[in-house]
Amino acid sequence: SQKIEQNSEALNIQEGKTATLTCNYTNYSPAYLQWYRQDPGRGPVFLLLIRENEKEKRKERLKVTFDTTLKQSLFHITASQPADSATYLCALEWGFTSGTYKYIFGTGTRLKVLA
Amino acid sequence: DGGITQSPKYLFRKEGQNVTLSCEQNLNHDAMYWYRQDPGQGLRLIYYSQIVNDFQKGDIAEGYSVSREKKESFPLTVTSAQKNPTAFYLCATEGYTGELFFGEGSRLTVL
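For the protein sequence lines, the chains are E and U, in the order given. With the first letter of the first sequence counted as 1, position 97 gets the number 97 in my numbering; the numbers rise by one all the way through. With the first letter of the second sequence counted as 1, position 63 gets the number 1063 in my numbering; the numbers rise by one all the way through.
None of these hints come from the bench; they were simulated from the model. Bear in mind that the values here come from a model prediction, so they are computed numbers and not experimental data. Treat each hint with caution, since some may be false.
[To be verified] Listed below are the simulated DMTMM-like cross-link pairs for lysine to aspartate or glutamate, each with C-alpha atoms no more than 25 Å apart in a straight line:
#  : chain 1 : residue 1 : chain 2 : residue 2
1  : E       : 55        : U       : 1062
2  : E       : 102       : U       : 1104
3  : E       : 102       : U       : 1015
4  : E       : 3         : U       : 1062
5  : U       : 1014      : U       : 1054
6  : E       : 59        : U       : 1069
7  : U       : 1070      : U       : 1099
8  : E       : 63        : U       : 1030
9  : E       : 57        : U       : 1062
10 : E       : 3         : E       : 15
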């Protein structure tokens, strides 16, 4: 079965630096992979989606890469700010049943940006 | 406002009781999902639905039931058969390009 691995340890970085989070998966490459932000006690919020034929996707200070050879996605936040502190979840589509995709989520990496 | 509304935000249940979590959306999305989130674990899929009157079991459906009588609504019932129901429950819809839109969640605690 498909598995996702995210670094379960919290990542602390200094304000202004680039944060890099890793998402590894074990089996077949999904058609696309997504990143979400989750604040404590809140629902996840969609950030970026990258397709298997895309190497890189950008949105403002966010950048996602997708390496199907390494079975890995990297999520970067440049010029990080304390407001970026949150848990970031990686998700990939896993199977298409009855006209609907199923998604599998990683456990998330907690990022803390220090002022 | 467009979005997904989950209620109640907090819910307490006594052992042996069934409880129902509400999920309503006005995004006009077809697919809806229920996930459970526990500390240190990823979101786990309970049930999902593509269209009205149709739904499929996810990875951890035992002890849960759902209905999809209207496109806008996808309530989840946590039955007494669910042995460890204390968790954070999240409802989501799927957008037109594959992204998921989540509600604010319902936290269920068994007393």
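Here is what the structure says about each hint:
no.: 1; hint: E:55 x U:1062; in the structure: violated, 39 Å
no.: 2; hint: E:102 x U:1104; in the structure: holds, 20 Å
no.: 3; hint: E:102 x U:1015; in the structure: violated, 31 Å
no.: 4; hint: E:3 x U:1062; in the structure: holds, 21 Å
no.: 5; hint: U:1014 x U:1054; in the structure: violated, 30 Å
no.: 6; hint: E:59 x U:1069; in the structure: violated, 38 Å
no.: 7; hint: U:1070 x U:1099; in the structure: holds, 22 Å
no.: 8; hint: E:63 x U:1030; in the structure: violated, 29 Å
no.: 9; hint: E:57 x U:1062; in the structure: violated, 38 Å
no.: 10; hint: E:3 x E:15; in the structure: violated, 32 Å
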